[in-house]
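With the hints as constraints, model all of the structure from the sequences given.
Under full-length UniProt numbering, think of the first position of the sequence shown as 1, with each following residue one higher.
By construction, these hints were calculated from the structure, which means they are not laboratory data.
A few of these clues could be false.
[What the hints assert, rightly or not] Each computed DSBU-like pair below joins lysine-lysine, with the alpha-carbon atoms no more than 30 Å apart:
no., residue 1, residue 2
1, LYS288, LYS205
2, LYS368, LYS205
3, LYS333, LYS368
4, LYS333, LYS288
5, LYS243, LYS186
6, LYS311, LYS333
7, LYS177, LYS259
8, LYS234, LYS205
9, LYS311, LYS272
10, LYS368, LYS311
11, LYS205, LYS177
12, LYS186, LYS333
13, LYS259, LYS244
14, LYS259, LYS368
15, LYS288, LYS234
16, LYS288, LYS309
17, LYS234, LYS244
18, LYS205, LYS333
19, LYS272, LYS259
20, LYS234, LYS259
21, LYS186, LYS272
22, LYS186, LYS288
23, LYS186, LYS234
[Unchecked claim] Label-pair restraints from in silico Cβ distances:
no., residue 1, residue 2, range
24, ASP230, GLN273, 45 to 55 Å
25, LYS288, GLU240, 33 to 43 Å
26, ARG303, GLN273, 16 to 26 Å
27, SER228, SER341, 42 to 52 Å
C-beta atoms are modelled at their ideal positions from N, C-alpha and C, and glycine is treated no differently.
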Amino acid sequence: MSFERNPSALNSFFPDTPLYSPCDICLADEGIRGYIRSVCSTACFPNDSRLHVSYNRVDYPSLVSSTLGFVCCAVTASSSGTTSPSAAQSMGHNEPVVSAEWLHANLGDPDVKVLDASWYMPHEQRNPLQEYQVAHIPNALFFDIDGISDQTSDLPHMLPTEEAFTAAVSALGIHNKDSIIVYDGKGMFSAARVWWMFRVFGHDKVWVLDGGLPEWRASGFDVESSASSDAILKAHAANEAVKKVYHGQLVNPLTFEAKFQPHLVWTLEQIKQNMDAQTHQHVDARSKARFDGAAPEPRPGIRSGHIPKSKCIPFPQMLDGSQKLLPVDGLRKRFEQEGISLDRPVVASCGTGVTACILVLGLHRIGKPDVSVYDGSWTEWATREPCCDS
1 MSFERNPSAL NSFFPDTPLY SPCDICLADE GIRGYIRSVC STACFPNDSR
51 LHVSYNRVDY PSLVSSTLGF VCCAVTASSS GTTSPSAAQS MGHNEPVVSA
101 EWLHANLGDP DVKVLDASWY MPHEQRNPLQ EYQVAHIPNA LFFDIDGISD
151 QTSDLPHMLP TEEAFTAAVS ALGIHNKDSI IVYDGKGMFS AARVWWMFRV
201 FGHDKVWVLD GGLPEWRASG FDVESSASSD AILKAHAANE AVKKVYHGQL
251 VNPLTFEAKF QPHLVWTLEQ IKQNMDAQTH QHVDARSKAR FDGAAPEPRP
301 GIRSGHIPKS KCIPFPQMLD GSQKLLPVDG LRKRFEQEGI SLDRPVVASC
351 GTGVTACILV LGLHRIGKPD VSVYDGSWTE WATREPCCDS
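Have a look at this one:
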């Protein structure tokens, strides 16, 4: 099924919005149905957010087919071919995720690099690299969150230096021109951490696969059941490159240039200062039971509880039943219910800086792209600060 080209339908739907076109209006097919629900159209309507807001409240397939009759060619594959992520996402600056349908249509683009960023809590006793070798999205490379980290810290998977990240990403064969799609094996758990890491180092052409590997498989798309020797070598090379940097050794060649964005990362000292200054609202992504001190932390020797003056928004509240990111209205409601003002700055934390990035992902979709993460999170606080009544 295809839709007729019908630009006049759009003008009747938004009569006071002039048609804007860095891209042309193109034919669309049923492939748009899965993706249109998770994008806005600021490329076609740069000064109008109504269509972006309305997708949370309408049946978009019906709207597109019966009312508008077309979509922007930057959204998805058209009858003339596919588009790159940079083109697809230029129309939605707040959109941090792509659909499985979209990724499947664009998987052959040489400038699209897919990363399996699966990571699991230690008590789960799962090996993400082994699971990657058993099943992964075709051509995906493995990104080791534990390996590509600060080698001098006693805290788990802390952010590496700019030089170490550059070396690791270069070893994976990634360039600054590339569009990065990150996914994980749970659906939406650790992928957001790597999305955030790329943004911390100045690379904004990065998205999370909505629903992750489970959604990819549920959509009927194939997985590779064995990893190529080249892919495994690259994964190991990335980890080794990080170690070399921390040992003062040169790593060449470098294909990626990182530009550290310090405002996206908070330290323990900044958290302590904020307790008095309250310039930022502090949200914690851990479960309410851990936050309240009623349930133990998953890491032995770490007490439960929370940082004073922080608020709890467990990361699953950002997701629907299929582990996809909620639409804007749903996300906004979750934050406002907990008394978070979306007009004020926010810093997020969790146990070790992983699931806090899901809160950041949700806030990015709402329109807050500069949310900081306290990298050490509760694990650092609980081991560095004396126990207090929090």
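Here is what the structure says about each hint:
| no. | hint | verdict |
| --- | --- | --- |
| 1 | LYS288 / LYS205 | violated, 33 Å |
| 2 | LYS368 / LYS205 | holds, 17 Å |
| 3 | LYS333 / LYS368 | holds, 15 Å |
| 4 | LYS333 / LYS288 | holds, 18 Å |
| 5 | LYS243 / LYS186 | holds, 28 Å |
| 6 | LYS311 / LYS333 | holds, 15 Å |
| 7 | LYS177 / LYS259 | holds, 14 Å |
| 8 | LYS234 / LYS205 | holds, 21 Å |
| 9 | LYS311 / LYS272 | holds, 15 Å |
| 10 | LYS368 / LYS311 | holds, 18 Å |
| 11 | LYS205 / LYS177 | holds, 8 Å |
| 12 | LYS186 / LYS333 | holds, 24 Å |
| 13 | LYS259 / LYS244 | holds, 20 Å |
| 14 | LYS259 / LYS368 | holds, 20 Å |
| 15 | LYS288 / LYS234 | violated, 39 Å |
| 16 | LYS288 / LYS309 | holds, 15 Å |
| 17 | LYS234 / LYS244 | holds, 15 Å |
| 18 | LYS205 / LYS333 | holds, 27 Å |
| 19 | LYS272 / LYS259 | holds, 27 Å |
| 20 | LYS234 / LYS259 | holds, 23 Å |
| 21 | LYS186 / LYS272 | violated, 33 Å |
| 22 | LYS186 / LYS288 | holds, 21 Å |
| 23 | LYS186 / LYS234 | holds, 23 Å |
| 24 | ASP230 / GLN273: 45 to 55 Å | holds, 47 Å |
| 25 | LYS288 / GLU240: 33 to 43 Å | holds, 41 Å |
| 26 | ARG303 / GLN273: 16 to 26 Å | holds, 23 Å |
| 27 | SER228 / SER341: 42 to 52 Å | holds, 49 Å |
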